[in-house]
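Engineer: Using the hints, position chain G against chain H.
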Amino acid sequence: MWWRPKFCLLLSLYLGPVLATELFEEGLNLRPLRDGKVAAHFSFTTLLKGATLRDPQSLASDDDSQHYTLFPLALGQILREYAVTELHLTLNAGSWDYNRWGYPDEPGVGTGAELWAWIGDGATISVDQRWQGLRNALAGLFCASLGSLDEQRTTSPVLTFTPEGNLPNWTASHQLRHATLPSEHVCTENLTPFLKLLPCKSLSGIASLLNPHRLFDADWHGLGVHVRYLQDEGVEVRLAFQAVLDPVRYSPARRRDWSLRSLFDRVISTACPVAHSSVIRVDLSLVNSYSITPTPTAVHDNHAVYPVVPIEQPLDIAMDWPAETTFQYPLVSASPLTPLSIQRTLKGWGQSDGQLSLVITNHLPVPLQTGYLETMPWLLQFYLHTLHAQIDGTTRDDLVKVITYAAPVPHAQPALLQAVLTLPPRSTLRLTMDVAKPFLRYTEHPPDAQRGWDLPPAVFVPFSLDSMGTDDVLRARPTRIYTPALLVDLATPDFSMPYNVIIMSCTLIALMFGSIFNLLTRKFAVVHVGDAPQ
Amino acid sequence: MEQTAPVSPPILFESKTVRRYILASYWVVIILALPLWWTTTSIERQSLPTSDVLSRQSKELVFPVHVDIDAGNSKLDSTVLARGVQSYLDGNSDVQRSQLQIYVSTLHSTPGAYQVSLQSAVQDSTAEERQLMFSAHLDGEIQTTTDLAMGLADALATLLAPYTTLRTAHSDRAVTFAPRYRLAFTLLNEDAASENAVLSWDVANSLSKHLSPVLDRLSVLHNFTVESQVQYHAPLAFEPHTLYKGAAVEYGLTQEDLTVFVNSAEWTLSSSVSSDPVLHFVLFVPSSRHSPLRILGTDGIPATSSSFILPQWGGIVLFNPPTINVTRHLPTAALDSVFVTFRHQLTSLLGVPALPAQVHVETRAATSAGITDWQLDALLRRRAIENVGGAQETLQSIVRLVAQIENMPVGQDVKGDVQDALTALDEVYAAVPFSLEVALKHAGRALTLASRAFFNPGMLALLYFPAEHKYAVYTPLFASIAAPLVVAVLREVIAERKAAAENRHTRLKAE
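Each protein sequence line maps, in turn, to chains H and G.
The opening position of the first sequence corresponds to residue 1 in this note's numbering, with each subsequent residue numbered one higher.
The opening position of the second sequence corresponds to residue 535 in this note's numbering, with each subsequent residue numbered one higher.
Everything labelled a hint here was simulated from the structure, so no lab data went into it.
Because the structure is a prediction, the values reported are computed rather than measured.
Quick reminder that beta carbons are idealized off the backbone N, C-alpha and C, glycines included.
It is possible that part of the hints are untrue.
Label-pair ranges, simulated between beta-carbon atoms [said to hold, decoys possible]:
| # | chain 1 | residue 1 | chain 2 | residue 2 | range |
| --- | --- | --- | --- | --- | --- |
| 1 | H | S126 | G | S931 | 31 to 41 Å |
| 2 | H | A412 | G | S931 | 32 to 42 Å |
| 3 | H | M504 | G | I1028 | 30 to 40 Å |
| 4 | H | T52 | G | S746 | 16 to 26 Å |
| 5 | H | T326 | G | S808 | 56 to 66 Å |
| 6 | G | S808 | H | T52 | 34 to 44 Å |
| 7 | H | G94 | G | P811 | 53 to 63 Å |
| 8 | G | V794 | H | S126 | 38 to 48 Å |
| 9 | H | T295 | G | S746 | 51 to 61 Å |
| 10 | H | T52 | G | E663 | 50 to 60 Å |
| 11 | H | E189 | G | G831 | 20 to 30 Å |
So here's chain H without its partners, still in its complex pose:
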């Protein structure tokens, strides 16, 4: 028992009949990785028990009053204002290395900003208007450029982004809106409003470890906000922060020993008084011959468990490898931690066309199927008939099954490609497709036009071919795999062009006008200069 029984009793006694009971749980998962890094996953879950969602049909009338104790009011206002059923926002920096780090604890690790929401239809205000309002409100709340997740980036890939919770059974159906902005960077200005949504801010409990100086120095870091509706439970908000920290880099002796103080430069000195549970778990499955202090309260399933109870002395978990003098980097490429390895590159030269190339390797001894999703802004246009698959040099187009393709509309709408790939056991599939690079309007270029455009990552959802597959992880949780983002170099004009064009064309017109005018109005006469000298 790590929570305070007294508080729970009081909360449940008093809040029962009037308010929906609210439950706050916080947790930190630390996972020492094989390459000496430590993956940290903070999660702060608030459950609004017995809460109901706002029916979109009631949007025209005034909403009920909102009274919260633990649930973040700023987020609750947004959810009710736009009647959003499910919401996922992630802001990440860096690309997640699946081969070395395995699956992340939160599946949403695509580079940059990603926002997707399930929104109920049937209101007087259309889903698209509410989607626009939602992203503007979230942009204001999290100080991120989510406002640019406009129609040019919004798609509805229902096969890949299935709801994580339940969708209430309203008369009108639900619709998915999904958009990514890979060029968005996450930094302190996003973390500060994130921390303000937590009941204990970053002042007590596990959240006190969220030190921006260390988190934004990490090799990979990202934050996420996940709202879902659970039919029998209520509305759940999960605020998550993930980081991959590198203790070897911090250590002068190049050792992989770590402690909370060395990773975050902080220790937990007070527990969050309103947390129903507050647990730190250290995943020990990937490492051996270590020693860990203090002694864990329990070890479950290869996880050392530390409840954060009201403590007399600050809690600092430390792990070290006494046998090692310096950390030797292992060769991890031999045994990737995920069943799939994916490379995605943009080939070709020139500013008019190129080729998108994917190399997908199945490491399992069983055949595997995977969903493949591209949500590509019209900055890159696919020639779908050139989509070909190869294994060891032989064409195997039968392995690719395109399910939906929505062509892009230049200056308006992105392309959506959903396909299913079949991967034979222990094989590498090469997928190529020709692409065209369009010509942008003068005003469509960003301020740093020469840098190029970030293209959103492709998403893969592997699932086992036969239901009796051997891989338990795969069957238990079909999770998403994001490829790294791409950068495309589009033709950029000389930005002093308009004035040059004006001056140039004015000169030409004046020249032509002058000659024609002179031809018409002047008098031409033959002048005899005299006879040739004899």
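Structural biologist: Positioned in the frame of chain H, the structure of chain G alone reads:
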């Protein structure tokens, strides 16, 4: 070498007349094209009803108010009393300044009139709905008609015109008018990890018990959105003063501290989802390190009050939890005094006037939520005056600005808004004698329309594309085309003159 060229037969278009036709047609095309060029490059400037706006500059709302006096069973002559009250009221400077036209009579004929009845049996004056039971006693004695008229006139002036600079020192405390307010109630713990934190409160019941009647009563003026939250870590931005009171230690906030009390950087109070103005009501629980926390008077001695108002922002109540019987939850009973304070803060922030000192509110009237019609009408009149004044001022600013900046585009939407605002203003003046609520509704609409016209983004367009810019673009084309055209005309004129002179010369020679 010197040999005049033989005159070759002229080609058709090289004849003088054809050349002049060509030249003339060029100029005709240019002159015909000018209006087209003018219309395509000029900015849309709809004419605004300027004279209509300016004629309203000195126009003021005047509210007719009828007061009926009933002397009741006292032996006084009510006609004499009414005349006396009327003359005192007419001489009162507050009444003159507050745009009221008061008619005092003894008849009970006018509908919607305020009723005043003299009570000789009671000591205290009470107000209820539109009635005033005025006590004819002063210090236990029945007053003379003159004294009574003066006293009654004074009370009526305070009831009918409560917003004068002398009477309300905190007139800037009230928020500016908005059709909808967000009321945000926050239970704010300085540090929930300390001993005396309050983790939850029974806010919904307290709100319905103490505030709902007031909000219903004020719904003729505003709509309200109510919300509440609990914050567990809200550090102060400054260190309170330490006071030693014998063995006990207390902490105090000076008047200067109160002005910087709200730590907006670290307290999550603002709401982002709508643009309605927010009124904050904060129940602040100091940490055990700063407990008990008191407000210090100007003399440095702790004041009895534990609450204060931040003008136009909201109200704050300090809550020092009891040191014994520590409770982590505040039930409705414990919140009663807090929410009574919140209710006072809310009414004073919304500008509800206080009753005169000698008049009490009739507590039996449960429907009125402690706000009499006297107060509500005064508030309605004040808001109507404010909104009409604001709307007229905004309209004048638009007209002045448009006249001042000649490049400012004025679209059809701006013109429409201005005209609609003027119509709404006319409706206000028309509605005033009949219904204050209708007048206020139109006044609010007039203000909204006028502000919308004033902040119309279309009026900014030309600021980013000045006329000089346009000329810079046109010059390379027009200058180079204009030069040969002008030169050709000049040359023709000179040739014509020369020919005329030569003509005259030959004619002279011939003679």
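Engineer: Does each hint hold? Answer for all of them.
Structural biologist: Here's how the hints hold up against the structure:
no.	hint	result
1	H:S126 x G:S931: 31 to 41 Å	holds, 37 Å
2	H:A412 x G:S931: 32 to 42 Å	holds, 40 Å
3	H:M504 x G:I1028: 30 to 40 Å	holds, 35 Å
4	H:T52 x G:S746: 16 to 26 Å	holds, 22 Å
5	H:T326 x G:S808: 56 to 66 Å	holds, 58 Å
6	G:S808 x H:T52: 34 to 44 Å	violated, 21 Å
7	H:G94 x G:P811: 53 to 63 Å	violated, 42 Å
8	G:V794 x H:S126: 38 to 48 Å	holds, 45 Å
9	H:T295 x G:S746: 51 to 61 Å	holds, 56 Å
10	H:T52 x G:E663: 50 to 60 Å	violated, 41 Å
11	H:E189 x G:G831: 20 to 30 Å	violated, 41 Å
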